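Work out the full structure, taking the sequences as your base and the hints as a guide.
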Amino acid sequence: MTLIAGIGFAYPWLLLGLLALPILWLLLRAVPPAPRRQAFPAVTLLLGLGDDESLSDRTPWWLLLLRMLALAAAIIGLAGPVLNPETRQTGSGPLLVVMDATWAGAEGWEETREQIALRLEEAGRAGRTVALMRLSDPQELQFRAATDWLQQLPGLNPQPWQPSADQIEQALAHFAKAAEQFETHWFSDALDYPGRDRLITALEARGAVSVFEHPGPVYALAPPAIADGALELTAERSLAGPAEELPLQARGRDPGGTLRSLARATLRFEDGESRATVRLALPSELRARITRFELSGLRSAGAVALADDGLRRREVALIASDSEDEGLALLSPLHYLRQALLPSADLLEGALSDLMPANPDVIILADVARLPPAQEEAMIEWVEAGGLLVRFAGPRLAASDTARSEEEPLMPVRLRLGGRSIGGAMSWGEPKTLAPFVEGSPFVGLVAPDEVTVTAQVVAQPDPTLAARSIATLADGTPLVTRKPLGQGQVVLFHVTANAEWSSLPLSGLFVQMLERLAVSSSTGTPEASSLEGTVWRPVSVLDGFGRALDAGTLPGVQGPALVTDPAGPALRPGLYDSGSQTLARNVLRPGDSLTAATWPSSVTVAGYSTAQERPLAGLLLGLAVGLLALDILATLLVSGQLSQLRRRTALLPLIGLLAVAAMAVTPERTSAQEAGANDPIALAAELTLAHVLTGNAEVDRIARAGLQGLSDTLFFRTSIEPSDPVGVDLERDELAFFPLLYWPVTADQRLPSPAAYDRLNAYLRSGGMILFDTRDADMAAVGATSPEARRLQQLALALDIPPLEPLPSDHVLTRTFYLLQDFPGRHPRGPLWVEAAPADAQQTEGIPFRNLNDGVTPVVIGGNDWASAWAVDANGRPLLPIGRGFAGERQRELSRRFGVNLVMHVLTGNYKSDQVHVPALLERLGQ
Amino acid sequence: MNQAAASSAPGAADLRHRSEAEASALPPLLVQAQMLAGSVLLGEHGRRRAGTGDDFWQYRPLQQGDSRRMIDHRRSARGDVQFVREREWQIAQTVHLWTDLGASMRFSSSPDLPQKIDRARLLALATSVLMLRGGERVGLTGGKLPPRSGKAQVLRLAEALSAEDEADYAPPEHRAMVPHARALFISDFLGPFDELQLALTKAADRGVRGVLLQVLDPSEESFPFSGRTRFHSITGGLVHETLKASALRDRYLDRLAERRDALETLCRAAGWRLGLHHTGDSAQSALMWLYHALERSAA
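Chains as they are written, first to last, in this note's numbering: chain Z, 1 to 928; chain H, 1 to 299.
Hints are computed from structural coordinates only; laboratory data are not their basis.
Keep in mind that this is a model prediction, so the values were computed, not measured.
Don't take every hint at face value.
Stated by the list, open to error - Straight-line C-alpha distance at most 25 Å; calculated SDA-like pairs for lysine to any residue:
1. H:K244 - Z:K177
2. Z:K484 - Z:T465
3. H:K151 - H:S222
4. Z:K484 - Z:L371
5. H:K244 - Z:R416
6. H:K202 - H:K244
7. Z:K484 - Z:A385
8. H:K202 - H:P146
9. Z:K484 - Z:R548
10. H:K244 - Z:A385
11. H:K202 - H:P171
12. H:K244 - Z:R206
13. H:K244 - Z:W25
14. H:K144 - H:A167
15. H:K244 - Z:S504
16. H:K244 - Z:Q38
17. H:K244 - Z:L638
18. Z:K484 - Z:S541
19. H:K244 - Z:G48
20. Z:K177 - Z:I200
21. H:K244 - H:S222
22. H:K244 - Z:L63
23. Z:K484 - Z:P570
24. H:K202 - H:A170
25. H:K244 - Z:L49
26. H:K244 - H:E264
27. H:K244 - Z:W62
28. H:K244 - Z:L634
29. Z:K177 - Z:A230
30. Z:K177 - Z:P570
31. H:K244 - Z:R37
32. Z:K484 - Z:T402
33. H:K244 - Z:L371
34. Z:K177 - Z:P217
35. H:K244 - Z:D51
36. H:K144 - H:L196
Unchecked claim - If you only want the chain H side, here are some residues facing chain Z, beta carbon under 8 Å, derived:
37. F56
38. Q115
39. F231
40. L238
All C-beta atoms in this analysis are idealised placements derived from N, C-alpha and C, irrespective of residue type, glycine included.
What follows is the structure, given as structure tokens:
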């Protein structure tokens, strides 16, 4: 591409054609223009007059100039001019495009892809072969035609990890295998990672390296932590730039099950700081609902922090035997449990009968021998529904006959009478220590310290199932902790006391870890690697590079310690993992990780993304040439005196139009005509507007519109409500917030609205809107399932938040908001009308005919009287449809209009008329 | 040019309306009777001599031969002499109009200017209105519309003038002229000269005197053309092409002056007057000129 005056030309040799312009000038001047036709009655006087000279008049200079310009524009346009041409030197030989393709570049991924596409196109033009390498997913180098890669480019996505050491080794091996020298374009995500310098060295050895860095810092969110009872969220940025603020939101499912933003906060980076922290104090109910934190507006895996059990505080009910000795706190069977659980769980204490309705996650029975039968039943039910029952032994259990002869549901094993004491004053042997936890136990990987000794315990009866059920044993093989599944839940028995009486287990850290492993308590923050030793975690959902959660599918499980300590990679994808009933989130950043901006040696050239896009001017210039030629046609007609003729005939207009269209088609400018919506929100908001739902049945819609027009007219004439013209509302498209009242004629074949439309409708109803459903069938059926319309109405209303309904009581405020009414006829005289039911406790005051009813407006009014037909007026304001017979019919129409007035008044004024203020006047009018 | 042919009745009404408007600005044109003999018919305006008429002229003593019925008894009763009451002699003049309705008149060089034929019709009818108001009898040459007086004649004239002639250059109509009448010929006089000569000779033979009014478009006077041009007559019957129109201007103007000299000579020989009017000028001035010219040629 040749550059002339800042504009590049694809075919600069064509510009030589401009040299021909002066020749053309001479030629055009020499050739006479077409004769001009001139009507002239005095031609009789001209007859016989010859020309003196043979040279005719010349074409006017301005016409020549016009033609020259047109020709010059065409020549320059054909030479392929490009504004802001890419002026880089195009190299030769193979080209390697290296991408970091990590989560850090996900935010600008589209841009990166465009830039790569530009380079690929360029390489394609230069006929270079190209290989593409993603460092986060290194593959064999394949030098192929650039167009091949261009087709694959849209399928390339960033990975949610940084290149690991393994991957860098692989990439280096692939580089080494390449046969020849190549030039490298490295699209970096501007983040440093170990091993990058080795890559640079290797690539520089093979040829020139230029680096394209996405501008701007990279942001990432560290895993949430809990500090002082509040959530602490930390964000990192790669460049410690000026102060800035990032919005943060916590997302989760609301009680209705929809995913929504549950909390928001703002992270503020101080000037020169690369870390920002914000604290979120949320109720634990809400906290437990959070599934992920996001930096709003950023689209990368790094900007997402998944929430796991660490945020969730389990509810643990602690129950000890009834006769508790209050004086001896340290001997209390619950003291150590309380201390162990308090930081990470919500403790409930009290009588079991009080705690069961609270449905705790875990119930701990400390030395409780037997439950009353009713409570036992409830307990079994609760465990079978997924509860975890943890029992501790003690003197009472040892002394009771619980589970002596046969296995009980709430006891994992049968127990021998009395238990045993080891290493006491009256016994032989030393106190026993714990055996290492075996594979298959939830405690596997935990290290039992030597100082944990057991001096007394209850002993399980030998049983075929005993080995499978014991999950911790003493050094001599006696089961210490046994467990059995029961329904979906499980029952765990510690064969020692929960206090330090029988063993030193509750005094050690192992006790806390064991409780954690049993999911009695959840760890706060990220657990230590050592506490996860021996566990395998199954991925539930994993993040892609953009931070979207994907189903984990068949991805293999991950070792517990690796989950916490290893950097993310193909084998350890950021996401949500579970093991047993515990879930653990793995985020892109580990706690304490920080982001470092990449620095490049001076030997590589670093460029940002070029912002000025290449802009081909050929279309513009060719369009200009066509336009000028169109002007030339006009000018030629003008010169030859035929313009006036053409103007008289209208043949010129289509011609000009055609040329204009052609010129517009050639120029690349696009005119975006924004389609003006029929329902202008500003106009709707400016005036009160009644609306009806478009049913798709043209006749019904027409009547509904005419009906609302009639009602609007009536309101206008009789009340201070002055509505503008009614509109039809498409539930799928239109905003409903502007309409106080929606008239919804129900047809049997109406389509059900989409979920989004239902969301809007529910929001509309919640925010004080009213829908008048009209099945229009009161002549044939009462409201119920007896007509097709009524059945359709049931289906339509199923997804709506509609409160309990009742037939309109005679003292409802709708009977007196403007007119005093008892009937609400439409085209049909007296179908029933259903409104929101009054609260059951509404009282009738002595001497007042109305109950003191609830606040607010009934959100729906359901009936079948076909009011729109009675209200409907034609364009001249005359009733559109006949109602009833004769004067009685007109009276019915009048009452129907009064109902409409009352309804709109009710929507707009609420229960105003329920106020006592008007009671005397109303009483007087009622004659009471 | 085609709207006049398309609807003659509205065109006529419009023409009449406009000519009435033009005529209302002038006093009634009194054409003095040059010839007492000949077409002596009672008109409304006096001849400043005693004769038949309605207006009082003078009292004179009764003379020998006067009928006794002629005595004005109211005047005679004041004295002994018997008087006769004489009335002013009133006669009407006959005016013949000829307006060139040929194709060459349907031309205007710019949309702002009226076509020559429009101006010619207007002037002809305005003059007729003036003369009819003065009690003259006005008609067309050629016997299609014989001269009559009265307001209704304006309508008939207007209708007759709304017609169009298909010929490129229409020859002057010289038949059926009342001897010793007045005549007004309006045309561009660009057609064959012989026909005009014949017409004027015949008119002079019958003692008809009058006025020629040449109506030209400004472009015919200035010849503002240049470049390669193909001139054609309105119907396209005559064509002249030139490579350089601007070079023709002087010679064309010479020829135009020649034609006007010839017209002048012809008029002088026949006792007529020649007027020139451009469609770019106001019709009022042309009407003024016609008024004076007809008055003078009547003297």
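Against the structure, the hints:
no.: 1; hint: H:K244 - Z:K177; result: violated, 83 Å
no.: 2; hint: Z:K484 - Z:T465; result: holds, 9 Å
no.: 3; hint: H:K151 - H:S222; result: violated, 40 Å
no.: 4; hint: Z:K484 - Z:L371; result: holds, 19 Å
no.: 5; hint: H:K244 - Z:R416; result: violated, 136 Å
no.: 6; hint: H:K202 - H:K244; result: violated, 42 Å
no.: 7; hint: Z:K484 - Z:A385; result: holds, 15 Å
no.: 8; hint: H:K202 - H:P146; result: holds, 18 Å
no.: 9; hint: Z:K484 - Z:R548; result: violated, 38 Å
no.: 10; hint: H:K244 - Z:A385; result: violated, 111 Å
no.: 11; hint: H:K202 - H:P171; result: holds, 14 Å
no.: 12; hint: H:K244 - Z:R206; result: violated, 77 Å
no.: 13; hint: H:K244 - Z:W25; result: holds, 20 Å
no.: 14; hint: H:K144 - H:A167; result: holds, 18 Å
no.: 15; hint: H:K244 - Z:S504; result: violated, 128 Å
no.: 16; hint: H:K244 - Z:Q38; result: holds, 13 Å
no.: 17; hint: H:K244 - Z:L638; result: holds, 17 Å
no.: 18; hint: Z:K484 - Z:S541; result: violated, 29 Å
no.: 19; hint: H:K244 - Z:G48; result: holds, 15 Å
no.: 20; hint: Z:K177 - Z:I200; result: holds, 16 Å
no.: 21; hint: H:K244 - H:S222; result: holds, 16 Å
no.: 22; hint: H:K244 - Z:L63; result: holds, 18 Å
no.: 23; hint: Z:K484 - Z:P570; result: violated, 37 Å
no.: 24; hint: H:K202 - H:A170; result: holds, 17 Å
no.: 25; hint: H:K244 - Z:L49; result: holds, 11 Å
no.: 26; hint: H:K244 - H:E264; result: violated, 31 Å
no.: 27; hint: H:K244 - Z:W62; result: holds, 19 Å
no.: 28; hint: H:K244 - Z:L634; result: holds, 22 Å
no.: 29; hint: Z:K177 - Z:A230; result: violated, 54 Å
no.: 30; hint: Z:K177 - Z:P570; result: holds, 23 Å
no.: 31; hint: H:K244 - Z:R37; result: holds, 13 Å
no.: 32; hint: Z:K484 - Z:T402; result: holds, 16 Å
no.: 33; hint: H:K244 - Z:L371; result: violated, 128 Å
no.: 34; hint: Z:K177 - Z:P217; result: violated, 35 Å
no.: 35; hint: H:K244 - Z:D51; result: holds, 7 Å
no.: 36; hint: H:K144 - H:L196; result: holds, 20 Å
no.: 37; hint: F56; result: violated, 54 Å
no.: 38; hint: Q115; result: violated, 10 Å
no.: 39; hint: F231; result: holds, 4 Å
no.: 40; hint: L238; result: holds, 5 Å
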